[in-house]
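Trainee: Each chain, letter by letter, is given below.
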Amino acid sequence: MGSIFNAQQIVNGLQVGSIYALIALGYTMVYGIVRLINFAHGDFYMIGAYAAYGAFYLFNASLGGKTGIVAFLVLAASMAASGAVALLANKLAYKPLRYKPKLSSLITAIGVSMFLEYFFSALPVIGPSYRSFPEIIPRTDITVGGAIISNYVVIDIAVAAILMVSLTLLVRKSSLGKAMRAVSQDKDAARLMGINVEKIISFTFLIGGAFAGAAGLLAGMTYPRIFPYMGIQPGLKAFIAAVLGGIGNIPGAVLGAYIMGLAETFASAYNSLIGEGISFAILILVLLIRPTGLLGEKTADKI
Amino acid sequence: MTRFKTPKLLITAAVVYGVIQALYSLGIINGYILHIINQSLIYVILAASLNLINGITGQFSLGHMGFAGIGAYVSGTLTTLIFKLNPSIPGSYLLFIVAILAGGLVAALVGFLIGFPSLRLKGDYLAIVTLGFGEIIRTVFNNIEYVGGPRGLLGIPKFSNFTVIFIVTFLSVAVIRNIIQSPHGRAMLSIRENELASELVGINTTRYKVLSFATGAFFAGIAGGLFAHLLQLAHPTQFGFSKSVEILIMIYAGGVGSLTGSIVAAFALTFLSEGLRLGIRALADATGLPIGGEWRMVIYALLLIFIMLFRNEGLMGTKESKVILIEEAD
Amino acid sequence: MKKFAIVLLLAIAATSLSVAQDIKIGGIGPVTGEAATFGVSTKNGMTLAVEEWNAKGGVFGGRKVKLIFEDDKGDPAESATVYTKLIQQDGVVAIVGTVMSKCTLAGAPICQAAGIPMITPASTNEKVTQVGDYIYRACFIDPFQGTVGATFAFKNLNVKSAAAIFDLGNDYTKGLAENFKLTFEKLGGKVVAYEGYPTGVTDFKAQLTKIVAAKPEVLYIPDYYNDVGLIAKQARELGFKGPMVGGDGWDSPDLVKIGGKAVENGYFTNHYSPDDTRPAVQDFVKKYTAKFGQKPDALAAQAYDAMYIMLDAIKRAGSTKGTVIRDALAKTNIDVVSGNIKFDANRNPIKAAVIIEIKDGKQVYKATVKP
Numbered sequence: 001m002g003s004i005f006n007a008q009q010i011v012n013g014l015q016v017g018s019i020y021a022l023i024a025l026g027y028t029m030v031y032g033i034v035r036l037i038n039f040a041h042g043d044f045y046m047i048g049a050y051a052a053y054g055a056f057y058l059f060n061a062s063l064g065g066k067t068g069i070v071a072f073l074v075l076a077a078s079m080a081a082s083g084a085v086a087l088l089a090n091k092l093a094y095k096p097l098r099y100k101p102k103l104s105s106l107i108t109a110i111g112v113s114m115f116l117e118y119f120f121s122a123l124p125v126i127g128p129s130y131r132s133f134p135e136i137i138p139r140t141d142i143t144v145g146g147a148i149i150s151n152y153v154v155i156d157i158a159v160a161a162i163l164m165v166s167l168t169l170l171v172r173k174s175s176l177g178k179a180m181r182a183v184s185q186d187k188d189a190a191r192l193m194g195i196n197v198e199k200i201i202s203f204t205f206l207i208g209g210a211f212a213g214a215a216g217l218l219a220g221m222t223y224p225r226i227f228p229y230m231g232i233q234p235g236l237k238a239f240i241a242a243v244l245g246g247i248g249n250i251p252g253a254v255l256g257a258y259i260m261g262l263a264e265t266f267a268s269a270y271n272s273l274i275g276e277g278i279s280f281a282i283l284i285l286v287l288l289i290r291p292t293g294l295l296g297e298k299t300a301d302k303i
Numbered sequence: 001m002t003r004f005k006t007p008k009l010l011i012t013a014a015v016v017y018g019v020i021q022a023l024y025s026l027g028i029i030n031g032y033i034l035h036i037i038n039q040s041l042i043y044v045i046l047a048a049s050l051n052l053i054n055g056i057t058g059q060f061s062l063g064h065m066g067f068a069g070i071g072a073y074v075s076g077t078l079t080t081l082i083f084k085l086n087p088s089i090p091g092s093y094l095l096f097i098v099a100i101l102a103g104g105l106v107a108a109l110v111g112f113l114i115g116f117p118s119l120r121l122k123g124d125y126l127a128i129v130t131l132g133f134g135e136i137i138r139t140v141f142n143n144i145e146y147v148g149g150p151r152g153l154l155g156i157p158k159f160s161n162f163t164v165i166f167i168v169t170f171l172s173v174a175v176i177r178n179i180i181q182s183p184h185g186r187a188m189l190s191i192r193e194n195e196l197a198s199e200l201v202g203i204n205t206t207r208y209k210v211l212s213f214a215t216g217a218f219f220a221g222i223a224g225g226l227f228a229h230l231l232q233l234a235h236p237t238q239f240g241f242s243k244s245v246e247i248l249i250m251i252y253a254g255g256v257g258s259l260t261g262s263i264v265a266a267f268a269l270t271f272l273s274e275g276l277r278l279g280i281r282a283l284a285d286a287t288g289l290p291i292g293g294e295w296r297m298v299i300y301a302l303l304l305i306f307i308m309l310f311r312n313e314g315l316m317g318t319k320e321s322k323v324i325l326i327e328e329a330d
Numbered sequence: 001m002k003k004f005a006i007v008l009l010l011a012i013a014a015t016s017l018s019v020a021q022d023i024k025i026g027g028i029g030p031v032t033g034e035a036a037t038f039g040v041s042t043k044n045g046m047t048l049a050v051e052e053w054n055a056k057g058g059v060f061g062g063r064k065v066k067l068i069f070e071d072d073k074g075d076p077a078e079s080a081t082v083y084t085k086l087i088q089q090d091g092v093v094a095i096v097g098t099v100m101s102k103c104t105l106a107g108a109p110i111c112q113a114a115g116i117p118m119i120t121p122a123s124t125n126e127k128v129t130q131v132g133d134y135i136y137r138a139c140f141i142d143p144f145q146g147t148v149g150a151t152f153a154f155k156n157l158n159v160k161s162a163a164a165i166f167d168l169g170n171d172y173t174k175g176l177a178e179n180f181k182l183t184f185e186k187l188g189g190k191v192v193a194y195e196g197y198p199t200g201v202t203d204f205k206a207q208l209t210k211i212v213a214a215k216p217e218v219l220y221i222p223d224y225y226n227d228v229g230l231i232a233k234q235a236r237e238l239g240f241k242g243p244m245v246g247g248d249g250w251d252s253p254d255l256v257k258i259g260g261k262a263v264e265n266g267y268f269t270n271h272y273s274p275d276d277t278r279p280a281v282q283d284f285v286k287k288y289t290a291k292f293g294q295k296p297d298a299l300a301a302q303a304y305d306a307m308y309i310m311l312d313a314i315k316r317a318g319s320t321k322g323t324v325i326r327d328a329l330a331k332t333n334i335d336v337v338s339g340n341i342k343f344d345a346n347r348n349p350i351k352a353a354v355i356i357e358i359k360d361g362k363q364v365y366k367a368t369v370k371p
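Just so you know, the protein sequences line up as chains R, W and E, in that order.
Number 23 in our numbering belongs to position 23 of the first sequence; there are no gaps in the numbering.
Number 306 in our numbering belongs to position 306 of the second sequence; there are no gaps in the numbering.
Number 207 in our numbering belongs to position 207 of the third sequence; there are no gaps in the numbering.
Chain R extracted, bound-state conformation (with noise of 0.2 Å):
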């Protein structure tokens, strides 16, 4: 058992955990407001990493040396990518169909996330080759009980926790995130009250959508391989990570994460078969008790 629960695992877990909470958190934001499961969120997270990797080359050339500025420049770039793509994906392809049946949108969103799969894969430029991500920020090994850590997962984790913190407060105290919990609860009312609702809605898929590309950049970093169809994946596992823990819950989609994360690991390392279904089992006994998830909200049926 030694070589299954230990310090080392722990660290692991937290690993593959945070790059699913970073995920998971613009997807959970996303269906928080509009109530669609976007299935593009881990597309946009490869927009991120591509993003993030043109721009360490063209800032690297010039730049060389100065890792900070070169580090901030290609967080930029990626969360901008990301967040245009999601934007336009909204304004062309969800937007049209909001007050349709919410089926429809979600076909879409399966169309989206097919299209920029394959147009990337397709895209001379791009092409469906793996690349190797650069080493933006030069990586560092400590030991710490036994358990070898390095400054890519304490990143990783700092980061996660930064945009959680970040994100609550944004939705919580501020009045834009007034409005966007105004929207989210009713957007008829809302728009009564004077609230821009589709401005809401763009803004939530801007702020989305640059958090998949910053996911994207640090998960290059931490897997140094980018590839067209890297997003579905961990895009799945990030869905499942926001509804474990309630979606459309800030804090709960971390939760999920970290809970998935550990479980995944931990698993895996007992017996590599049970580490395969693990994700989808604890999901099915959580909302089998729990049918809203972690730290979802109980909803009664309108009447």
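For the record, the hints were derived by calculation from the structure and aren't laboratory data.
Given the structure is predicted, the values throughout are model-derived calculations rather than measurements.
All residues carry an ideal CB built from backbone N, CA and C; glycine is no exception.
A few of these clues could be false.
[Stated by the list, open to error] Below, in silico cross-link-like pairs of lysine-lysine (DSS-like), each with a Cα-Cα straight-line distance of 27 Å or less: (1) E/Lys295 - E/Lys362; (2) E/Lys155 - E/Lys190; (3) E/Lys155 - E/Lys370; (4) W/Lys84 - E/Lys127; (5) E/Lys66 - E/Lys56; (6) E/Lys362 - E/Lys241; (7) W/Lys122 - R/Lys100; (8) E/Lys215 - E/Lys181; (9) E/Lys24 - E/Lys331; (10) W/Lys158 - R/Lys95; (11) E/Lys181 - E/Lys160; (12) W/Lys122 - R/Lys102; (13) W/Lys158 - E/Lys56; (14) E/Lys215 - E/Lys56; (15) E/Lys215 - E/Lys160; (16) E/Lys257 - E/Lys287; (17) E/Lys321 - W/Lys158; (18) E/Lys186 - E/Lys127; (19) E/Lys241 - E/Lys257; (20) E/Lys56 - E/Lys342; (21) E/Lys190 - E/Lys215; (22) E/Lys366 - E/Lys257; (23) E/Lys257 - R/Lys66; (24) W/Lys158 - R/Lys187; (25) E/Lys366 - E/Lys186; (26) R/Lys66 - E/Lys287; (27) E/Lys155 - E/Lys261.
[Unchecked claim] Facing chain W, from chain E, some residues (calculated, C-beta under 8 Å): (28) Val31; (29) Lys174; (30) Gln294.
Assemble chains W and E onto chain R, guided by the hints.
Mentor: Quick look at chains W and E alone, frame taken from chain R:
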């Protein structure tokens, strides 16, 4: 009511079957087109059965191909590993039918077992749980060495030909149609329209939800069995999430709750994805652009988005299920 | 649907008129979907081979080759459709394809039933060629590479304990790992850890932590370069210092790009060594790099070889009849990139494996292992 239309439906089907058979034997449609027709027919069963769950009863399932996987593996195991059937021996078709039915029944049983606890979940939560079950089913196949593990179940005899597939598809669609038009079907429809109200007028919503789920799973299992005996193999990756999504696309592109829509979309999308092969090649030859097969799916995805944007009720809208509602109102 | 059928018929008529003289060969690989990068290499390898044959004046009687390449997305259902299309619609005389074993297994019965000879460049599952006498392959079978890897580790690297990590959902990597374990234990070694991971994950640390704790002297990683790069990096981060061994999935210029220093002290079984001075190898690497702007990986080399083997058989057959080509394939004796190829009674190639070492970021020839 439409209940007396069944003979008419039977005649239409017989004519369609005869025409396709004749065109094939005359060499006007080749084996390739016939293969696409075969695949489309199997997709018709999958789409129609998912429509019963998603479109008619309004329960959102994302793991439909998991049931097809059960059907494929159960029937494939029976014909390949247990009965060791050979299609050229007369009479072996009887055992093949037994195997296909067994596949459907096991899928229905699993659908019942899964449906019972999970159908108290709603909307997206139900969707994610069905997705989870689908993936777990796939993982289970992946790890059973007896049925080939990640190598897949191989050497399945080829029982599925056009005649078999056509007959099974016709029967499946006819049964699903009759369920939809029966009082049971109306009860399911009422759950989609307003679950709470249905409950209040005395419909046992849980019972009907589970019934619809298990029936859908049964036909998915049948379709999976046909597929395995067409491709002569069953592989875990064929029954994962992305495949379930393909079926989902069919029912929404065709129109939620419309059986005709499911049939049209199953054919249209299968032929579209194949037709694009020729289209892309023609475009490349005509323009001299260096575009190849990698652009096929880009165009497919774009067309899908356009269908949803400009005909967001699907190709056939809610044709049948709406008609019933109006008749009810009268 | 009617309009579509008319367009389809016109397209058939147009293609059959314009290229009546060419010999049509079908090519298949996954150029979209998650295995797309392997499909593109396969397509490139085939395209280069066809161009070379056409530049030399064709196959026989001045008849050139027309390659009709189709995408199967790595999905067995699409594979079955594409095989049927190439045979029934395009009327190809032979097929080179496809990559993934599950897809090739969906296509092989179709070729066998239609009497169309086919050769798969990269499907390693033993069952593929057992489908029938029209089905050949240009690559190793699963047991061979696993056995060679284990023998090399035990005898040449002189280690007594090993660990293996493999993809649970991929029959190629699982097959290699199983056979590595079998042979290594038969030789008297001990496999101290044997861990799987699901397809598509990027974090292997849970399994690797367990492996490192078992203190193996060598780590067997029989996956493709994209995963191997990540696994090697993570294994090194967790403190594994010993040698690593793998299969032909390692052969790609991207292995070192992704894995960096972590893949040093790594060895893999392969079809050929880029150091090989034979003109077949040097020409191939040079032409491929010039045409596609990147060095070939194993899949490109295998696809190139498979196309050569097929065209050589058609040339010797002097005919486009399936039975004649099939019989010519059986008598194959040709020098291609991966060496001299002859087929055994099971239509698998009899060819030696070479062991390549990764040294200072380069592939260096280490040893040759005869079957």
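Trainee: Which of the listed hints are not met by the structure?
Mentor: 10, 13, 14, 24, 26 and 30
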